[in-house]
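Engineer: Sequence:
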Amino acid sequence: MAAEGRLAGKSALVTGAGSGIGKAISVLFGREGAMVMAADINEEAASAVSAQIEDSGGEARPLRADTSNEEDVRAAIAAMVDAWGRIDILVNNAGIGGPQYSWDQVIAVNATGVFYGCLHGLEQMQKQGGGAIVNTASMAGLIGAFVPGSPGGFGYAYIAAKHGVLGLTKQFGLDGAPHNVRVNAICPGWIDTPLIAPVKEAQPMLDWAVQNTPMGRLGRPEEIAKAALFLASDDSSFMTGSYLVVDGGYTAR
Numbered sequence: 066m067a068a069e070g071r072l073a074g075k076s077a078l079v080t081g082a083g084s085g086i087g088k089a090i091s092v093l094f095g096r097e098g099a100m101v102m103a104a105d106i107n108e109e110a111a112s113a114v115s116a117q118i119e120d121s122g123g124e125a126r127p128l129r130a131d132t133s134n135e136e137d138v139r140a141a142i143a144a145m146v147d148a149w150g151r152i153d154i155l156v157n158n159a160g161i162g163g164p165q166y167s168w169d170q171v172i173a174v175n176a177t178g179v180f181y182g183c184l185h186g187l188e189q190m191q192k193q194g195g196g197a198i199v200n201t202a203s204m205a206g207l208i209g210a211f212v213p214g215s216p217g218g219f220g221y222a223y224i225a226a227k228h229g230v231l232g233l234t235k236q237f238g239l240d241g242a243p244h245n246v247r248v249n250a251i252c253p254g255w256i257d258t259p260l261i262a263p264v265k266e267a268q269p270m271l272d273w274a275v276q277n278t279p280m281g282r283l284g285r286p287e288e289i290a291k292a293a294l295f296l297a298s299d300d301s302s303f304m305t306g307s308y309l310v311v312d313g314g315y316t317a318r
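Each residue of the sequence shown is one higher than the one before, counting from 66 in the working numbering.
None of these hints come from the bench; they were simulated from the model.
What you were told as hints is all true, and nothing was included just to trick you.
Below, a list of computed lysine-lysine pairs in the DSS-like style, where the Cα atoms sit at most 25 Å apart:
| hint | residue 1 | residue 2 |
| --- | --- | --- |
| 1 | Lys291 | Lys235 |
| 2 | Lys235 | Lys192 |
| 3 | Lys291 | Lys265 |
Quick caveat: nothing in here was measured; it's all calculated off a predicted structure.
Given these sequences and hints, build the entire structure.
Structural biologist: Structure representation (C-alpha cells):
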C-alpha cells in the first residue's frame with residue numbers, strides 16, 4: 066500500500082498527530098503512500114497512530130514533540146532527515162482550544178509553534194530543493210464570532226493566533242516560492258474533534274454551532290484530512306500563500 070498513492074515515496078511530519086484532525090491526516094497520508102512521522106506531545110497517542118498506519122501496511126514512526134518548544138521542532142525535523150533523508154511535507158497542526166487556556170499558552174502552541182515549524186521546515190526544504198507545508202488555521206482566523214456563554218467568542222487568544230497563522234502562511238509562502246516550497250493553510254469550521262469537547266458537553270452550544278453552520282452538521286476530521294492531502298500533493302502545485310476554507314458554509318453567511 067505504501068508504494069502507491071498520491072504521496073508515494075514522500076516523507077511527512079504531522080504535528081498534533083495523536084487525535085482529531087492530526088490523526089485523520091496522518092492515517093490518510095499513510096494510506097496514500099507517505100512515510101509518516103506522527104508527532105504529538107502525548108507520546109502514547111503518537112505511538113497508537115503510528116501503529117495504526119503500520120497495521121494498515123504503511124510506514125510510520127512516532128515522536129514526542131512540544132511544538133511550542135523550538136528545540137523540539139528542530140529535533141523533529143532532524144529526525145525526519147535521519148529517518149528518510151528529507152522532509153517532503155510538513156503539517157503544522159498541533160493546537161489547543163480557546164477560553165479555558167491562558168493567552169500565553171494558546172499563542173505559544175497555535176501561533177509560535179507554527180512559526181517554528183515554518184521557519185525550520187522551510188530551511189530544510191530549501192536545502193533539499195522543495196517541499197510543501199500545510200498549516201492548520203481555522204475559520205477563527207477569518208472572522209470574530211459571538212458564541213453564547215463564551216466571552217471573546219472562540220477566545221481572544223485563539224482568534225489572534227489563528228489570524229496570525231494565515232499571516233505566517235502568506236509570508237512564508239512568498240519566502241518559499243523561489244525555492245519550490247509551497248506553504249498553504251486550511252481553515253476548518255466546527256469539526257467533531259476533542260478540541261470542541263466543551264461545546265459538545267453543553268447541548269445548547271452544540272445546537273447553536275450546528276444551526277449556524279449552513280450544511281447543518283459538524284464536519285468530520287477526515288474531511289479536513291482530504292483538504293490537507295490536496296495541499297500536500299502535486300495536485301495543488303500552483304498554489305502557495307493561500308488557504309482552503311472547509312467550514313460547511315459558516316463564514317459565507
